[in-house]
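Can you join these two chains into the complex? Each is in its own frame, and there are hints to help.
These protein sequences, in sequence, are chains L and H. At the far end of the first sequence sits residue 370, using our numbering, and the numbering has no gaps. At the far end of the second sequence sits residue 1521, using our numbering, and the numbering has no gaps.
Heads up, some of the hints might be wrong.
Said to hold, decoys possible - Derived DEER-like restraints, expressed as beta-carbon distance ranges:
#1 L:34 with H:1322: 51 to 57 Å
#2 L:178 with H:1305: 44 to 50 Å
#3 H:1306 with L:340: 37 to 43 Å
#4 H:1131 with L:142: 36 to 42 Å
#5 L:10 with H:1199: 36 to 42 Å
#6 H:1352 with L:10: 31 to 37 Å
#7 L:227 with H:1226: 32 to 38 Å
#8 H:1285 with L:210: 43 to 49 Å
#9 H:1199 with L:247: 57 to 63 Å
Hints listed in this document are in silico derivations from the structure and should not be mistaken for laboratory results. Ideal Cβ positions, reconstructed from N, Cα and C, are used throughout, including at glycine.
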Amino acid sequence: MSTKAKTILRRILITVLVLYVIFLLGPIAGFDVPSIAKAIQADPRQLVQFIIVGVANGAILAIIALGYTMVYGIIELINFAHGDLYMWGVFSSLTILSLTGTLTTKDPVHIIWGIAVALIFAVVFCAVVNVAIERLAYRRLRNAPRLAPLISAIGMSFTLENIGLIWAQQSWIVPSFGTTGGASQKDYPDLLSRLFQGLGYNVNLLASSGLGLRLTIKDLLVIVLAGVLMISLRLFIQRTSLGKAMRATAQNRDAAKMLGIDIDRVISATFLIGGGLAGAAGLMAGLYNGTAWWFMGFRAGLFAFTAAVLGGIGNITGAMTGGFLIGLLASFSDGYLNARWTEAWVFAVLVLILLLRPTGLFGEQVGEKA
Amino acid sequence: MQRNIRSGVTFGIIAGFMTFIFGGWSVAIIGVLYGVGLGLSLGGRLKREAPLGMASQALPTAASAGGVLLVMSLIQNYIVAPAIGQFPADPSVVIPANLAGVLGGFIFTLITVALHGLPEKQERMGKLILLAVIVVAFPFVDTFARLNWLAQFIFALIFVILGMGLNIVVGYAGLLDLGYAAFFAIGAYTTGIFSSPQHNIYLNFWLVIWIAAAMAATFGLILGAPTLPLRGDYLAIVTLGFGEIIPVVFRNLTDVTIQDPLTCWIIPGITRLFGGQSGMACITLLSHMDVTAGERGINPIGRPYLPIIGMFTNAQPIPWYFLIIAIILLTIFLVNRLRASRLGRAWMAIREDQLAASQMGIDPVRTKLLAFAMGATFSGFAGAFYAAYISGIFPDVFDFSASILILCTVILGGMGNIYGVIVGGLVLLTADRLFLPALKDFLSGLLNHTVLPALASNPTLRAAVAQNANPILYRYLLFGLTLVIMMAVRPEGLIPSAQRRMELHEADEVPNAAASTSMKS
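If we strip away everything but chain H, and leave its shape as in the complex, we get (with noise of 0.2 Å):
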């Protein structure tokens, strides 16, 4: 009982930090979540009964986690926004959202245990409605309170199927990638050559999303061919250096000339050689031809357009949520199917034992080179849904961090299981893209009206402390961080697949190997 309510105080206590960042409207969201957090890890560890007696059971957990919130909510609200140069909250606001934090927080802190006590198909069922309910309803909430999330919130779901495409890679075949972002720039530019004024063409966007991923996989296929023959750290070594090379050839595609070498130069030359003149007509295919703008990026591009809802708008990004949501089922869907298709096993198999795989007449340079086309297939629809979205691409966006992104979201949340990379890429695109920046404006607010004017009298600290105090610096730091830290402590990630956590822990495991194997089986 004593555990339950400290993890109900912790998550409090968490959550009420939150609060401390964001500030205002937010405690009602962050509330909900929290309690589904809460709901989730008590309702494991509960006895469990009757869906009415786990609610009574969680009942004082629930109660001193909102408790803690509310209290910490209303320091938030009195004590550190005047700290930060806010004004002190108006109570038109404080007092509906700290009553829709806290009640909300409880409500579903209690609906969620509830649902522990249910048989397992409908506590499955229910936990799925659940979910439902709260993706659907997030962005309306998120527009009435004027959070403003949900702009940046998409950016999180756009990595969330890279994060998936990548998962096949390197979780499913087992092929470390470090190029990824490479396909998603395909994606994109293919989506910005045929969909914009930079070539003008003017292609529709549901038409592109495909083209965008036929080509990314086309790409995959044609960089994974000759690489693919290649061992595990050499070929992370090259897709490292086409990752790199990528963002190169579109910067640099500005001035393309393509000329027949024969014609123009081979024949001539040689004639001229041997004192000859060549009337030799020189063949041109291209002449000077700007494909990508370079640094000025294509923009802006074509957006999809629907019958009822119309042109989606940079003003408007509920559809764009939805759109993002629907591509996002559709590739948990598809990776599902294939993962439990033979090619799926196969590239398990491959990334357990490629030679006893080899011997069981599989062909490992196609298997993994579909791996690769797959992968590849769907940073193409996220491409091409990004370059429509920002409605402009530029090469900066896909280097080598964007692929280390990636690459973390699917480490964090667990190689392998496709669940943990959805939880890995929401948790580490969060934090980047709404945490960070919140954070950034907390402290610049402190440091400027509390913490600065009393460091006046010491001008190289004042200016030291002033220039170091942006968490935004830090952003890529906490990335390399959590690729170290996470292959130290948890290899197998958050949420971890059942065989890559025993893979992983084979050393472990050698002395009571007889009892894994047969838990196993």
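Pulled out of the complex, with its shape left as it was, chain L reads as follows (with noise of 0.2 Å):
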């Protein structure tokens, strides 16, 4: 036998292999089969129904990722902040429409006002707080050795979730988040859905068609703004001066500067934006899943993270692409392997491209830095 052959057989025998071990204990993290396809059978409607919430939740995760992509492609530093920053957007904005009074009301200009305030105040907020992150905790250690800086990252990250732990007690400013302390889940309104009742429509779109799915304004919206900033991005990244910088950095450093960009000023410009993103991105998590709670922001970053590095890390496209994708996962994960087993099928899909493919679906190749 020759060798090309040898090697052929050896990896069939190892895939089927590894297909076996996964049906044989797949089941124990909600892979059956079986089942499955019983589940899918029975009612193909639910089917549409994951993929539109996987879509909408994905669209948030795609934003989040662009935030991680982004300062990765220019300073090469994974932001574990990045995610506990998106779930200081969902509290900002929660407590500003609480201190705006939007989270009582019923009327409609009120909520309209309220969430644009909240917005702008989200957005606003977590960029200036990843500017400053960038600045305190990881500038100085921009030439030190690669663990200093991901260390500091650790750090600002827990430091971020202990700080939002210890926000989600203060009841004496957001009378809503009650008396059961910083750890449990908070309720964030369903703000849009009683603005499109009180304005007299229907919060499901595809109500009359009869086709008995549920598509809703949240979703639609969240789909929306998620297309609208991502191709915003892209055109401030393709079209401006300062988006030319990135690039140039993000190429080479030491390039860029002797060419006279400012690289502060980019790398601050960067994470302002990374920043801004995640604080959008919570406003929208906040109004679409109804919840606040302090250790979101782990899991979303570990997601998001994982869509970043499936697009292929520093690829903006790729970026929203993985969000996408992981929420689609997710959403499948949900609905029919096991919800409490979400987080290990997702993070597997990590470990996966990380071995099979590790520049992901649109990443250019990178050499190991040395």
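So, in structure tokens, the structure goes:
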């Protein structure tokens, strides 16, 4: 037998073995093929419903993933704190909604300007915080060994998380946090549905179509907003001079410096934009999912990072695509496998991509940095 | 001279604040500990002469520190204690406790300083003996003074072992492992499964602790093998993910059914596709088995037994304390041997420059894998001890924050230096387990008796203050900040290894690189 045939045979054997193990142990984590097939057969409409939910959640993940991918593209740092910044986006917008009295009102005009103020505040707030984090924690470590900024980022993430925990119990600022302490999940009122009911619309856009599906205003708004953000970010990076400077810095920092680009300014701008996006994602996620929780940033951050890696880290289109794919995966896992194992499945995907195709779907080949 | 007096006063004030928070008999132990600390910091600075001369040099400093401590301790007894709602201390405690603390501090300062006057070999010996005396005497003093620190202090020691294990991975091999608590969990759950009513298996603790270590090492290999070829930052996030998944797994393994897929649905499915009926029997390996009991946790877990001491119990922490000290000594020995071995040098070579190391014939993946497995082994020991000590395990204990806490001890003490890690672990964990709860009691006492009545006219402010004056809430925040601040200010840690310091301050040393190379050699 030739060596080529041998390697092929070996690969087939390994694949069969891996598949067998997946089918053998998969049911523990909900991956039970016969029962999934049965569930899909019983109600195919459910599948479409899961796709809608998955795409909407994926849109939020995609926006968070943009922050990861932009920062990684420029300074090659996994900004662990980014997911928690998104959590701060949720809490800061919720706080503003509470302070403006939007949480309890039924007046559509009040809701609209309340959300607008909360959006602006969350975006500005998270953007400024992100820039401050870069200045305080990362800048001085730019030339240190790789481990140092990474540890700093982990510490920052932990810090933000636990400030969130303390934030979540300040019921003297936001009465709806209640007295259950900071660790419990807090309600984030479904203002969009309330707004459209107040205006006299049906919340479900497909209610009269007779398909028995549910596509709400919320779903549509989240998806459209994500699309708009992505297109404007692309335009910004392709067309403006700051965007050009970002691309140059990402390619070769030293060369960009020699050409007169102010590196510090470019990096600050990257963190500013990433932070603003996290703030926007926070408001959207709050309105969409209806909860605020101090620990939500961890999971979202892990998912969004997976999305960024899946799409090819450093690549904006890739991050968006990855976000939608991970959103779908999470939604299917919640629906058909077992919601308690969703994290494990998403994470398994991360490991698989890193092993099989570390450059992701759209990434270019990047060599190991010595 | 003045500077020494000033540092003596500083030590006295810090020790005094400790007595503010702990109160009662604590002054005795705090006195001895600050005495040793002051002696160590002073001894290195004083002019070297014969031991007695050194002691007489240190006399004014020791006296001033003791004086400050005495004054502050008395303030605690008669002013602070009533303000936080305790009874003013009884003279039968105040007099002996303060005497023991102040005199102990004074004497131990002098002894420790005097040690610095001995020849180098004897000086090291003397310090070791001093350390051994403190380590051995601590539990008995604790019991005698009814401080009840021991039970909590044992947790700190568990994290010292974990820190030493993680130090192999992060400090020696330079791999950022953010899910180290997973191996801790594996060690603990192995112990739980093999020595509890959960599966009606009751193995001896002395056997189970080895099984737990072996199991943790095996999982280190299994989890490490696919991920170690990745570059550093990807490795970090993958280990973070593992660390997050392992508690999820333990939480959810409550109803495990494993069936052979071929006989159960693949072949019957295919035959059904062709309209046939298959009479194949479905091979079931496990059916609805509750492996880990989910959120309820496994308990009770079997405990160690020794001939003379008998069964270890909750009520008697002293045997546990000496057991963990023994494990720590074993760990220190093994880690030191490992570090000096060929493998240990290979780890450091990989950390410095993987490319160069692999050119010299070191297999990077195998070396890293062994680092992972070795690191995991020690957390297996720690996990087994933990499970037996608590006599029950719950999935919440092993989440991300535990991994960060362990990482924090390594970073705070100094990556790559085992003694730094021990100090880091002790400082961080005693702060976490002893200092913060005591501070909480102190603050809540102060609030309830002094501050809140004064705020009665402003209910909003009163509620806000009452809610947030709980230092326990800020503990993880402090750990996060510790990481950030250490990285910014002193990335090599409190007690760094010489090599690491060089590496992390590479940038500062470029201008006089020639000087630093000559110093190295």
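List of violated hint numbers, smallest to largest: none
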